[in-house]
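Take the sequence shown: its letter number 296 is residue 357 in this note's numbering, and every next letter is one higher.
In short, the hints are calculated from the structure, not lab data. Source: prediction; values computed, not measured. Positions of the beta carbon are idealized from the N, C-alpha and C atoms, including for glycine. Be aware that one or more of the hints could be misleading.
To be verified - Derived DEER-like restraints, expressed as beta-carbon distance ranges:
{"no.": "1", "residue 1": "G282", "residue 2": "R127", "range": "38 to 48 Å"}
{"no.": "2", "residue 1": "T71", "residue 2": "S355", "range": "15 to 25 Å"}
{"no.": "3", "residue 1": "E273", "residue 2": "W181", "range": "37 to 47 Å"}
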Amino acid sequence: MRATAAAFATSGVTLALLSAMTFGLSGPFIKSLLDSGWSPGGTVLVRISAAAVAMVFLAVLAERRRPTFTRHTLRAVVLYGIIAVALVQAAFVFALQTVSVGVTLMIQFLAPILVIAWEWLVHGRRPSTRTVVGSGFALVGAALVVDPFSGVHVSAGGLGWAFLSTLGLAGFFVISRSQQGGVSNLVFGAAGMTVGAVAVGTVGAFGLMPIELTTGSVTLGGAQLSWWAPLIALVAASTVLPYLAGIAAVARVGPTLSSLVLLNEVLFGTAFAWILLDQAISPTQVCGGLCIVSGVALAHLGGAGKSVSGSASHAPQRTEPHPAAVAQSDTAHAPRA
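Start from the sequences, fold in the hints, and give me the full structure.
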């Protein structure tokens with residue numbers, strides 16, 4: 062029995078690592094498309110739309126009964142699609158135009174800290190001392206990530222987009238906390254992805270966000286690839302796969318351990334950006350990233366996950382969107398960029 066339980070737990074940690082690793086690949090895939098001439102709007106629209114189609118297909122296969130959407134659930138789906146999918150992913154992609162993948166991911170990891178502040182200021186849920194200390198570590202890390210004393214110019218606009226993505230991710234946790242019951246994870250996620258795709262498409266149709274696609278070659282890891290190669294990898298390997306792996310991980314080892322393992326996404330993302338895009342980060346930014354990851358972990362161990370959303374803090378999905386971070390309930394569906 063113990064051997065079986067240990068194997069089950071090991072598989073859960075492995076799945077969480079797989080989810081973190083594959084979400085970490087999304088940044089290089091997106092950046093390669095942007096560099097080949099794709100607009101941020103086009104990249105986001107195709108990614109979300111393709112992911113929505115895949116998840117709707119999986120939901121149809123997996124669901125044995127017709128889902129029932131209450132008014133409350135529909136409201137949550139719409140908010141999720143607009144804020145947690147469309148806003149988070151669009152802001153993330155716009156940030157990648159001028160800010161490195163690693164720095165953008167590190168800033169995104171501040172989302173749980175924003176939720177802690179929201180819960181304290183709005184709902185009066187005072188965090189524990191450990192949570193406050195962890196939040197302080199994360200904020201210091203954010204300052205180090207920006208690295209204002211290095212003399213290297215960091216795009217203020219890019220940082221603004223990264224922080225906007227963080228706000229959207231924090232909004233996701235708040236939305237998830239109010240969404241209780243109704244439909245399964247997969248159905249909720251598929252519906253939210255569909256709403257997000259419609260939202261991005263609508264904005265693009267009115268000309269507020271250019272939708273430009275190209276069929277030229279893409280450079281990734283020093284190799285010339287067809288445009289569809291990173292696109293398929295982005296949708297299948299860095300959106301659908303990590304979402305499903307994250308949910309399976311939480312089912313095996315619970316949200317606390319899963320969310321802590323998923324913090325490795327920022328490390329994977331930074332490493333992949335270095336290998337595939339030659340995006341190096343400074344030692345100061347490395348220290349900042351470690352401060353953010355350790356600070357969020359400390360804040361979570363201090364009870365932030367319980368007070369914030371009834372589950373673990375993000376890490377995703379990144380999305381990307383992290384789904385597993387809040388999959389403790391049957392209706393938690395995180396986006397990840």
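Determine whether the Cβ-Cβ distance between E273 and W181 falls within the hinted range of 37 to 47 Å. 43 Å, holds
Outcome for the supplied range 15 to 25 Å, where the beta carbon pair is T71 and S355: 24 Å, holds
How does the Cβ-Cβ distance of G282 and R127 compare with 38 to 48 Å: does it lie in that range? Check passed, 45 Å falls within 38 to 48 Å.
In this structure, none of the earlier numbered hints is contradicted; all agree with it.
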